[in-house]
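Engineer: These are the residues of each chain, in order.
2 protein chains.
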Amino acid sequence: MTTALEDLNARIDAAQAAFEKGRAADPHTRASWLEAAAAGLETDADSLVEIAHEETHLGDARLRGELKRTVFQLRLFAAEIRQGEHLDATIDHADPDWGMGPRPDLRRLNVPIGVVGVFGASNFPFAFSVMGGDSASALAAGCAVVHKAHDGHLNLAVRTAETVIAALDAAGAPSGLFSLVTGRPAAEALVDHPAVKAIGFTGSTAGGRALFDRAAARPEPIPFFGELGGINAVFVTEGAWAARREEILCGYASSFTMGMGQFCTKPGLLFVPRGQTDLVRRVLSGALADFAATQLLSSRLHDGYRQSVARLQSNAGVEVLVEGDFAETPAPTVLHTTAAAVRSDPSILRQEMFGPASLVVEYGDESELPALAELLEGQLTTTVQAEPGDDVSDLAARLTDISGRVLWNGWPTGVTVSYAQHHGGPYPATTSATTSVGTAAIRRFLRPVAYQSFPEARLPEPLQDANGWNVPQRVDGVWRRPVIAEGLPGSEAQR
Amino acid sequence: MTTALEDLNARIDAAQAAFEKGRAADPHTRASWLEAAAAGLETDADSLVEIAHEETHLGDARLRGELKRTVFQLRLFAAEIRQGEHLDATIDHADPDWGMGPRPDLRRLNVPIGVVGVFGASNFPFAFSVMGGDSASALAAGCAVVHKAHDGHLNLAVRTAETVIAALDAAGAPSGLFSLVTGRPAAEALVDHPAVKAIGFTGSTAGGRALFDRAAARPEPIPFFGELGGINAVFVTEGAWAARREEILCGYASSFTMGMGQFCTKPGLLFVPRGQTDLVRRVLSGALADFAATQLLSSRLHDGYRQSVARLQSNAGVEVLVEGDFAETPAPTVLHTTAAAVRSDPSILRQEMFGPASLVVEYGDESELPALAELLEGQLTTTVQAEPGDDVSDLAARLTDISGRVLWNGWPTGVTVSYAQHHGGPYPATTSATTSVGTAAIRRFLRPVAYQSFPEARLPEPLQDANGWNVPQRVDGVWRRPVIAEGLPGSEAQR
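Chains as they are written, first to last, in my numbering: chain G, 163 to 657; chain H, 163 to 657.
Extracted from the complex, chain G is given alone in its bound form (with noise of 0.2 Å):
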């Protein structure tokens, strides 16, 4: 089942008619077009969950626990924007005595950029899929969305894009603001196509870099919004070892093999104290004794998984210290090496095996542990393991440089939707400095616009004077905000 270009060139310039007739809409309404597809995704929760659990083999706690996560987001999407807080609305009105000569009446606003096209992942078939964190963000600006969808489960993007389309349309959504479409040859027609202004990707570094060198060598460069994926590197001090470290292996083994390993956060790296091999090998085995494993994503996915792992084994001075297995249901596997080896090859830091196998690395003193990190790419995210009177201030400081999220005393995989998430990092975790989970995930999709000395009834509702859509804005430097109602959406509690 592929797209034909001609199909394709359709549901963009639906798309563009659509972005045209739907973008001067008010925030309450556009917000009511996400509630409405995460409506009917609670609808149709039973027959979603079905057809990914067979595509994916994802268990159904994890896949309704993922599609809540996709609900959730597209409501607390919907809630930002009736606050209007990513529209950026600010006002400059005009002023004689300006410091550096008279200024005109100036106001500028985030507009939506026009049709994004979304990538779907393999990993997350509904939370980073069809309408996941790209799509709900696009819409939540404004834009139209072509979404391609991930080969790896097919049958659930179609039926995911029908739930949606029909709740958009029912919601007296514009016709085509959402569409999906599938192959390859789609895929790069996406990218290329002049009506396209943006993409949303989540995926591979192999795969990723070649569409955003695609998006960057159009007649007009488009930005390419990437995640693709990292290594989530553990440090570990002495005193968090000393004082715990058999919770720590026990957490770390619960981390690395949540969901098969099969997360972007997934823990690839664990630098511990040296001198206690035996104890790891003996904690993470027997923590690991009663894993349940169950199949990877796709056939083409354990291939890749098993070959990763060869590839890192094979490297001087990396070592099993638990042996897993590479079958139909793999059992977790944990590679062992040095701050020596890594130190000679640091190549050993920078190879991310999707699925349930980690790499733990033993330092020789914690004062090392500032240069190792200095050696590894930009993550995603990056863990601190340490005690209340430990000094990790340069750790934190390396840490900040090459990470989108830094934990303290935590796991990385489970990334809540909130106002200041921030997933994505530093070159090749992403390819861009924004996030593509939480609310700022939002503003990827809008562009500034200033309005010189229009008349007030002329500009937009948002810069207006009369602030007819009560939403936030900076007025000659200082920002004036609406008073918001009690109980903000996205929490269940009562505030």
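By construction, these hints were calculated from the structure, which means they are not laboratory data.
Misleading hints may appear alongside valid ones.
Below 20 Å or equal to it, Euclidean Cα-Cα: the simulated DMTMM-like pairs (lysine to aspartate or glutamate) are [stated by the list, open to error]: (1) H:Lys230 <-> G:Asp259; (2) G:Lys230 <-> G:Asp208; (3) G:Lys183 <-> H:Glu536; (4) G:Lys183 <-> H:Asp556; (5) G:Lys230 <-> G:Glu197; (6) G:Lys230 <-> G:Glu217.
Given the coordinates of chain G, work out where chain H should sit on it, guided by the hints.
Structural biologist: Same frame as chain G, but now just chain H:
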């Protein structure tokens, strides 16, 4: 005078060291560095303006005005970072009842990206050059800057850099925070260097695109914030034409010749109703009769100007309306064509003439204007000249699509530095959706980092509940802003 590659590398290394040393500085300390640079430029104004005049042929009043703007900009940015607006500090407290499942404590902050390469522009030797908007915003963000001097005003660039470096040193900024390099090999190596994390550029479309491609092709691609110029079309409605055609033509003549037409915001296209060609010629000829031409910025630009006018003139349907010349101090040229001609060859609308020339396009009916606007490429600005009763909503929507600033009954030359300014536009106006003018320019050189479950004392100050820096914080979705003292900086008047 060309910087050797080893010297370039040394300056980048010093910049990286200065960045690391300086990035923890509190906003007041960093603001004092910007203010020291501003004061240094003011102190050296007489000698700097003299050198600038020799190298650029721009007049004393213009250069002093530009220097005033440059100094103002540094102080406005200092005030902006004192407020902490740019940090976007966002705090989500742990919430066991968060709608998608328990939320950990998560806090996000914008941090500086590192060393920034800034390319100076030929046409603004102060405001878009050594310590112009790109450098000021990068330093305000907390980055270090390596500036590539423009060959057109090399002595001025070197002298300005000396002033700035002396001022920064005296103010206690880390040594190496700002430096200057010259020559094309250093320019290319600057874009390639792994420690350089972004480029700010103002210049030609061809030169900018080549460097954009270079930045995108790096092993680690970096953002290229390029301002490549534009045509800045002006649309006159039939009503405005009937009411005040002479005033409009005089304003146009004044705007397109300002600074010898060497502004990226020069109005290069004027759409007017057809049928009064003789009147247009007569009024423009009169308005331009007393024009006091001066030399262009350089002989290379002079050659390019002459060629671009000749090229546009060679198009079918394009004629000379007001004959200028290409003397050392060239008299302005106005070309003329029709809507029919540009519809049959839209490339006529896409040829920038960098100098005192512009193109008048006669249309048949006002209803043609939105479709004519769609023939344009991305613009920094577009302008509507209209009367209160005119229905220009379709046109205004198209202009929002294609430009970064839309003006009402004004002229695009003159770009104020303020909170609401947006100086940028769809490609080829700029290579990103950001602005190179105004306080929003600071955001280009920041990236977000989230901290999960960090103990209060380990968090950066702006993310602590105690809020020692007294910056705006979005807490659990609601912004809390410190009260700002009376008299915001930026305006000389008491508010």
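Engineer: Each hint: holds or not?
Structural biologist: Hint by hint, here is what the structure shows:
1. Our distance criterion of 20 Å between C-alpha atoms is met by Lys230 of chain H and Asp259 of chain G, whose separation comes to about 14 Å.
2. Among the hinted pairs, Lys230 of chain G with Asp208 of chain G is consistent with the structure: their alpha-carbon atoms are about 12 Å apart, no more than 20 Å.
3. A C-alpha spacing of about 17 Å is found between Lys183 of chain G and Glu536 of chain H, which places the hinted pair at or below 20 Å, so the restraint holds.
4. About 12 Å separates the Cα atoms of Lys183 of chain G and Asp556 of chain H, which keeps this hinted pair within 20 Å; it holds.
5. A distance of roughly 13 Å separates the Cα atoms of Lys230 of chain G and Glu197 of chain G; the hinted pair therefore holds under the 20 Å criterion.
6. In summary, the hint linking Lys230 of chain G to Glu217 of chain G is supported, as the alpha carbons are separated by about 19 Å, within the 20 Å threshold.
No hint from the list above goes unmet by this structure.
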